Amino acid sequence: MLYREALNKALDEMMEKDETVVILGEDVGFYGGNYRVTEGLYAKYGEKRAIDTPIAENSIVGNAIGMAIGGLRPVAEIMTVNFILIAMDQIVNQMAKLRYMSGGKVELPMVVRTPQGVSKQLAAQHSQSLERFFTSTPGLITMVASDATAAYYGLKYAIELDDPVIFLEHELLYPMKMEIQERKDFDPFKADVVKEGKDITVVSYLKMLHDTLQAVSVIEKELGVSVEVINLHSLNPLDMETISKSVKKTGRFVIVTEEPKTGSFAGEIVSKVTEELFYQLDAPPLRICGEDVPTPYNRKLELLSIPTPDKIAKQIIYWGRENGI
Amino acid sequence: MEYKVVMPQLTDTMEEGKIVRWLKKEGDYVKKDEPLVEIESDKAVMEVPSMREGVLVKILAEEGEELPVGQPIAVIETEVEKAKEEVGKPVEVKKEEKPPEKRKEKVEIKVEGIKPPEKIKLPEGSASPSARKLAGELGLNLKELQGKGEIPTPAHEKDIKEYFYKKFFTKSALDILKEYNLDPEDVYKEIGKKKIDKTDLERYIKTKNIPITQKPSDIQSVLIKNLSKSTQIPVYYITHQFDISLILKQEKYTITAYIIKIFGDVMQDHPKIRTVYRNGMFYTYPSSNISVAISVGEELFNPTIKNVETKSLKQVYEDLQNLREKSKEKKLTVEDIQGATFSISNLGMFGIKQFFPVIPPFHSGIAGIGVAVDGIISVSFTFDHRVVNGVQAAQFVIELEKRMKDQKYIKSLK
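Chains Y and E supply the protein sequences, listed in that same order.
For what it's worth, our numbering labels the leading residue of the first sequence as 1, then goes sequentially.
For what it's worth, our numbering labels the leading residue of the second sequence as 1001, then goes sequentially.
Derived by calculation from the structure, the hints in this document are not laboratory data.
Source: prediction; values computed, not measured.
It cannot be assumed that every hint is accurate.
Claimed, not checked - Calculated lysine-lysine pairs in the DSBU-like style (CA-CA distance at most 35 Å, straight line):
id, chain 1, residue 1, chain 2, residue 2
1, E, Lys1331, Y, Lys221
2, E, Lys1193, Y, Lys195
3, E, Lys1249, Y, Lys249
4, Y, Lys198, E, Lys1189
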């Protein structure tokens, strides 16, 4: 199964189960989605439940908000996160606020799905990672789907929630082959320890999780340590319990994200770790992030601007040696 | 000129594509830019136009087939005259042709180039938060010890622990701590002595009745798992006395070797003994493959002697010796431990008269061999009732007895 097929399966099952679930976005209907995530849904559920919209992101989200208030469970697709900036007024001023400003009287069971990240040579305007904008907006739940299991169970969970969810995917994950693991108890607000270890805690998500896992064996061999890897399914709220338990054991914390470093979500998570776990830390926390540049088009420069398995390994090894390993 | 049409890369992330539909058939004339084939990429189904003008002489990929980018999918002959002869003819491009190397970016990680970190010059007293906390708890004066060079600057948790262990435990005491997996800090606080030696620790362990904890080895873990599986098998037991005086008279090889050989021969006439039950299916194998329990130290192995029916007694004996050696040296391969349908365990060599063996998973049964008393051995069988019923088992056992008393047969075993 492909990652995108796991998303499609989740949408299909939810639409079949609950007729208030509708999808909307650019080319999500007849064409089947720019990344084929919504393939087959138009044929199965018709144009009233798989709705093709104009290229107008602000009104896609605005419509979804209206639908949610009116009793539907809309899942809006924004083709890539880069285009969501047009819709930020609806997201920040309406989607995130209506539940609070109505004193909880208005429920907003809606999801905005969108892929982010560096794909291959799509240049600066189409290669961004913008999780920071959502995680720093109170009133939004920001989920991430790093594998088929999180894609399938996570999206279903998000659709069933009565709160508004930003659901982040990654462009390079769509064509990746992976299986959905049986996880009846899947809870996106609990992070997964995907690899146990006792000396270094590494937290990551989306594409960087896969790059991190590739780097782990090299790091372990080179430093003679064991690395614990944590996969986040939700960035806000954040499962500090799992992170804290791990850092209390290892005393060392690393976060790997693709976004540019300055002002990043990675910075937020490091702050939380430092505040809560200062006396448990045996080394300064390490952020491995993208460079503070607009993503270059040139493939070599593009790869230089984001973490890769190679760079993740090298940075952690250097940092380890510098800090008493 | 022959022109090979290859699977195109339609999107930046596409690695393989699926032929949805051919829009032209073999023998058709195609113009340049005329739609030739529909291909499904990771993003969508697209019409792919022909890059050349000519006759489509051969289609190499069927509809529905998925192929990597760069793999030939059709041949176009650009010289029309030549094409007439070639339509439908086999073309040299073979399907098996090695697909072009995937243009995946390398994930090989090289870490040689990492420069050693610069030495940080920090004042004495510098330490990681957790190191400082630990030093505080242990009542160490960090600044003073760093000044004397006994703890490095900056200090990490590891440095404090190492210093603490060396200072408060003798070397032999540290070894014991490790063996018993004890937390040195707890022990230190409880014993309350300045320097703890071996005798202190041994006394501490005795008074507290602390066990040595040990993880089972990988092989032991497999054994434990299998034993647990065995308890799920519905079994029954049969005990029978066999007169083996003929074998004892002959005895050129060990009794175990004789027994394996006789069992293997008799199994040929009893297909149920060559049958195992696995995931809702019965599997009946043609060969008499018998596993033998071999214990080495604390570990138990169950390697298989294969095709016993075709082997001479001598070969069975040699196989058995060979598997014993391999078990001792822990050189058994997966091949060595697979494929048995029946098992034999012999405790007779220790003088045990009778015992009831546990059936290994995926076996029809197992026989426990006791010691010979006046030419008689007692053999206890454990059978998987799902595979072998009581009557079938009785017939098998009686046949075994007949063979053991068959003078001609026993003599024929070489």
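Which numbered conditions among the earlier hints are violated in the structure presented, ordered from lowest to highest?
2 and 3
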